[in-house]
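4 protein chains.
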Amino acid sequence: MAGSSLGIIYQLTTWGESHGTALGVVVDGCPAGLHLEERDIQTYLNRRKPGQTKIATPRKEADEVKILSGLFDGKTTGTPISMLVQNTSHHSADYSEIANYYRPGHADYTFDQKYGFRDYRGGGRSSGRETIGRVAAGAIAAKALSEFGIHLCAYTKSIGPITISMDHFDQKAILETPTAMPDREASLLAEKYLADCMKEYDSAGGVVECVIDGVPAGLGDPVFEKLDANLAKALMSIGAVKAVEIGDGVEVSLHHGSANNDPFRVQDGKIIKSSNHAGGILGGISDGSRIVLRAHIKPTPSIFSSQKTVNQNGEEIEISIKGRHDPVIVPRAVVVVESMAAIVILDALLVNASCKMENLKKLYLP
Amino acid sequence: MAGSSLGIIYQLTTWGESHGTALGVVVDGCPAGLHLEERDIQTYLNRRKPGQTKIATPRKEADEVKILSGLFDGKTTGTPISMLVQNTSHHSADYSEIANYYRPGHADYTFDQKYGFRDYRGGGRSSGRETIGRVAAGAIAAKALSEFGIHLCAYTKSIGPITISMDHFDQKAILETPTAMPDREASLLAEKYLADCMKEYDSAGGVVECVIDGVPAGLGDPVFEKLDANLAKALMSIGAVKAVEIGDGVEVSLHHGSANNDPFRVQDGKIIKSSNHAGGILGGISDGSRIVLRAHIKPTPSIFSSQKTVNQNGEEIEISIKGRHDPVIVPRAVVVVESMAAIVILDALLVNASCKMENLKKLYLP
Amino acid sequence: MAGSSLGIIYQLTTWGESHGTALGVVVDGCPAGLHLEERDIQTYLNRRKPGQTKIATPRKEADEVKILSGLFDGKTTGTPISMLVQNTSHHSADYSEIANYYRPGHADYTFDQKYGFRDYRGGGRSSGRETIGRVAAGAIAAKALSEFGIHLCAYTKSIGPITISMDHFDQKAILETPTAMPDREASLLAEKYLADCMKEYDSAGGVVECVIDGVPAGLGDPVFEKLDANLAKALMSIGAVKAVEIGDGVEVSLHHGSANNDPFRVQDGKIIKSSNHAGGILGGISDGSRIVLRAHIKPTPSIFSSQKTVNQNGEEIEISIKGRHDPVIVPRAVVVVESMAAIVILDALLVNASCKMENLKKLYLP
Amino acid sequence: MAGSSLGIIYQLTTWGESHGTALGVVVDGCPAGLHLEERDIQTYLNRRKPGQTKIATPRKEADEVKILSGLFDGKTTGTPISMLVQNTSHHSADYSEIANYYRPGHADYTFDQKYGFRDYRGGGRSSGRETIGRVAAGAIAAKALSEFGIHLCAYTKSIGPITISMDHFDQKAILETPTAMPDREASLLAEKYLADCMKEYDSAGGVVECVIDGVPAGLGDPVFEKLDANLAKALMSIGAVKAVEIGDGVEVSLHHGSANNDPFRVQDGKIIKSSNHAGGILGGISDGSRIVLRAHIKPTPSIFSSQKTVNQNGEEIEISIKGRHDPVIVPRAVVVVESMAAIVILDALLVNASCKMENLKKLYLP
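Here the protein sequences line up with chains X, S, D and Y, keeping their order. First residue of the first sequence? That's 1 in the numbering used here, and the numbers climb one at a time after it. First residue of the second sequence? That's 1001 in the numbering used here, and the numbers climb one at a time after it. First residue of the third sequence? That's 2001 in the numbering used here, and the numbers climb one at a time after it. First residue of the fourth sequence? That's 3001 in the numbering used here, and the numbers climb one at a time after it.
No lab work stands behind these hints, which were simulated from the structure alone. Hints may contain errors.
Said to hold, decoys possible - Distance condition first, Cα-Cα at most 30 Å in a straight line; then the derived DSS-like pairs of lysine-lysine:
1) X/362 <-> D/2361
2) S/1322 <-> S/1192
3) D/2075 <-> S/1066
4) S/1054 <-> S/1322
5) Y/3362 <-> S/1270
In isolation and in its complexed conformation, chain X is listed as follows (with noise of 0.2 Å):
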């Protein structure tokens, strides 16, 4: 089935395997006019590589991209943008022994059972390294929402035990700390909780948070293209990603109607909500307020200890994985998590040009 591409209007294709020859997306639908480069591409690429931390795998990735087409004299043409990044660090001796077994928490076994076999080499298709074309296309989505003045910002929200304190947020943190926390301190906690997982051998899991200014109400179609649907679906696509929130989300089920509905009220002649529970959408629809996302990410399942499996002959036997592996993920997860939630905000935004006539008079009408 072709389940690489997402979107209606704004709709990216991805393509590639871990230790393929390149990996990159298709982003179709892309509105004309916007001006891009791939200097625009490589920030959002450069967010996500390997290999820059301590508490990240010592891989070493180039991940340059090339953009190959839609664009013309600086701008998006309209036409698909297509764009490719080479892999370069292929350590494929690592991954042979791999080839026999299922590694317990990996997607091995379900390849296998669903396709007769599978590339085996770094996870394929469902290694990390697929999410390239999502931040290659997140990258211009959030591009072309800036123009609406419609701002991303994910980060790290814990990892671990270990949360950030809204108190202390320094959004500059976010791309300086080597947990992507917008909170220093918690990054150092964060970092020593890394440090001792290492020691053992194993990995940890985090949340990441995506808040999203500037979105106008009125994006999202019901009841099935809602707003907090679509953004649930491209959040829980990206591997790893295990609980989705909104707003207040699992906290919903223990507040009273009262305390958990938003007031509106009205400031400098606009209305406005006086508090925030609903996240920003209300109906499926965005309501005006900042919207508020959370994807919760589990432990890296390539961990160094020993672990019980079965092999492709049925055997049960033992084994402690090698090669390079990120102790947690959540801090490159983060610009991922931005991406998907820049795509699924955009694609709404296009659909929703059309869905009344008073806007379609003013593009269409003298």
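Guided by the hints, dock chains S, D and Y onto chain X, whose structure is given.
For chains S, D and Y alone, coordinates are given in the frame of chain X:
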């Protein structure tokens, strides 16, 4: 935007408003040759019908379904199945006053912002009655799945702070308690909790859990049509759902990889997992274990206590909502969650039929 | 497979069989704020209604449409518009004998091969009555298009060898002649030709032409959602259509480039074409000229003269079809062609709204 | 709008411009386990390569394809297959002057109207080079189909007034004549006709026919995903195609039902048709007979003789196009038509796998 359809091969399109003539759904792509009768649908619809318990709205709705097409000789023909439920209990007067202001926690404001105006009668399209179409489509999906040994079971896991104990799990209780809890003790506590809510003119939320047994390994299509991604979308598209979890969900971020990974082992010559933190899905593909989902549902936004809001003239006002409203929608949402899950699983099963040459050769070569 | 939906933003989903309870359509994605009433639909449906002339089947069908959702205060709300027509004239007895054999030129055999069995009553889903849903959806599309100065006009161009003369073109005649020809003289000749056919227990085919004026340049999306590609699909999806032409169509292969190219020129400060061999579409995008389409329709396969065929037991038999059948379906197909064209043009107009940053800035920036 | 994708299960997404860095395609949804190598693709691409005969543009393009993903151990893995062809022969100078005016018969004007500007180098996205992606995807589809005994054969049926005789049909000649005609005599006449065209600085059109054998009865999904409807769309989406016919096509309107209906009969215990006016498709579903399609292709719009047009300043001018252009594109379009047909047939085959419970039981029950 055409947002009222979901699914690739098994596709439903719902229509209708709370106080319109009727509500319904067209199910297209149902495989031919499935035995089906109206009773199969009605059984499901009865589970979401209002007016049945003290903790549900006293509105009476017959919610009798008619199948208008797609059946012949008691079997599905492979053509669209159109199903319709007449609206019978309109107390439009109850809603006349909400024409002019925005109910907190509802979609009144966002519909107005999106479309320029709204059908304010009973919430119009954003009413919970829209889920009638989902449940009708889910009933068919569940029937089809049962022919492949796939069975779904959803239930209330918690209401407010009252959570079921898995030790007391009693499947029959789901249909027999007013809370749809599979734990009669917890149900009594929850009823008491809700009675207190109602005394305070307030409302409560809760969590619906859904487990699915018998799903073969291999369903779900990387990287955007992953089974968990589509389940997340389907559940988040239900009004009032604010978070979706798969398997251990929000807990995963607190665990180490060594604890979160599910080891594979062999039992009776079959590869299985020793634990199921993953909730039956690895890399977006079913792994043959039980699939486990949770939807977190906010407290009913329609409460009788006083609330601050704004009217359509932009004036701040104080309101108290009248009418007939559920103090908690969780028990009635149980069958909606089960239906959405059934729809997604069936679609994945159908789509998966052509995923490998081996399957196609079984079907097309002599 | 869910094959009964068409369109990206403006999407219709038709359902129903010839002899079921009812037939209908759900139109989703219609922009909010369009004034609409049942009469707008009924006017279109009346143009395809049987039993109105000597050259149409004497079956009487009221074909009265009911709008069940999606309207409020006389305007579309942006939510799905469900429309339904009850089946009233079932002479199922007429069809009982066709249960067991395959009518030549019909879909009996192919439905059986595909689905394993079929609803044989009146052709079931493959009946021409299925077009009721298309026409209802087309009526709405045409109404929306008229607000942008876009007008469609379809008519019978030929029946058998009788072709209209454009010199005699009389638009009123389309609705007044039994042939739907805009040339009263040709219509009389065609009626005589059809009377002869009927005497021979035979049937005839013909050509429907559709012209569309006022379409702005720019609609259609390369390279697969081209306007001509979608028009071709929409027309070819009508039962009995075996060829589709745009502009000069099949003639182009005989011309030289110098004759086939349409020179551009300037008139009143506007760029126009001096000729229109292209039929209003260049590179799959509307060029601002009149769009010209033709659908070639086969003779009605239900004929009363004797035919050879095979029954479901695989025995060769001779049959002669009974019942009430049109000797030519072309006149009743005219409004179906017009409807399908309207649906495609409206969808292209909606989709085009977000094709460039310039448009989006008009809508979303202050 | 994302218009560069086609197909439901077997989906291609093409990208690239005539004078960009490269062109390519992502094929998603190809069933896993198909043996495939670059040579399978290259063979097809070579059939559309320019510079090979006197009647084709003397532009030399290597058009060497690289497969970048989706293969492992010589087999498709079920994941996206990304293919890329570098552009090598840019004579952008040839095109510099067309930056400022609208070539008649080309998409220059409509791209400008739609997107606000255009990549004018060699037609950009509207260039015939875009079909490279289609042919690469078609080569894979044809290879997959051949495993089910389904074989496609497209050829030039006519060039200008020169039409092949089916009595002279010689399949080998398709690849050996410069016209791609399966009739060596007609080919010589066509070459002479084209030589005369070129002397007059003019161009010619023609007809491509495609026959498909071995298609099982049952493919195609009523009522909008009919096999003929999708074939019509696929063929009409090829630049320069202005009409599409199935079976007897435009002839049907002249025949009586008694002549046009194909009687069923029994041969070797199998139900077949005695004739094939329908072209292998009844009610939008394949009937097991040979499928017959024709695409009518307009004369190359790039002609060297003088033409009137308008420049971007709205001034009327006279131009004569320079550069390297085919006097007829029909011979090179043959493999494009064959490819598009293969893509549609394969997709229908895959989609059809889940059309009935019987099929699903074969796959999912023990």
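Structure-based check of all given hints:
1. X/362 <-> D/2361: Holds, at roughly 11 Å.
2. S/1322 <-> S/1192: holds, 23 Å
3. D/2075 <-> S/1066: holds, 28 Å
4. S/1054 <-> S/1322: holds, 17 Å
5. Y/3362 <-> S/1270: Holds, because 21 Å separates the two Cα atoms, which is no more than 30 Å.
Going down the numbered hints, you'll see the structure goes against none, and every one checks out.
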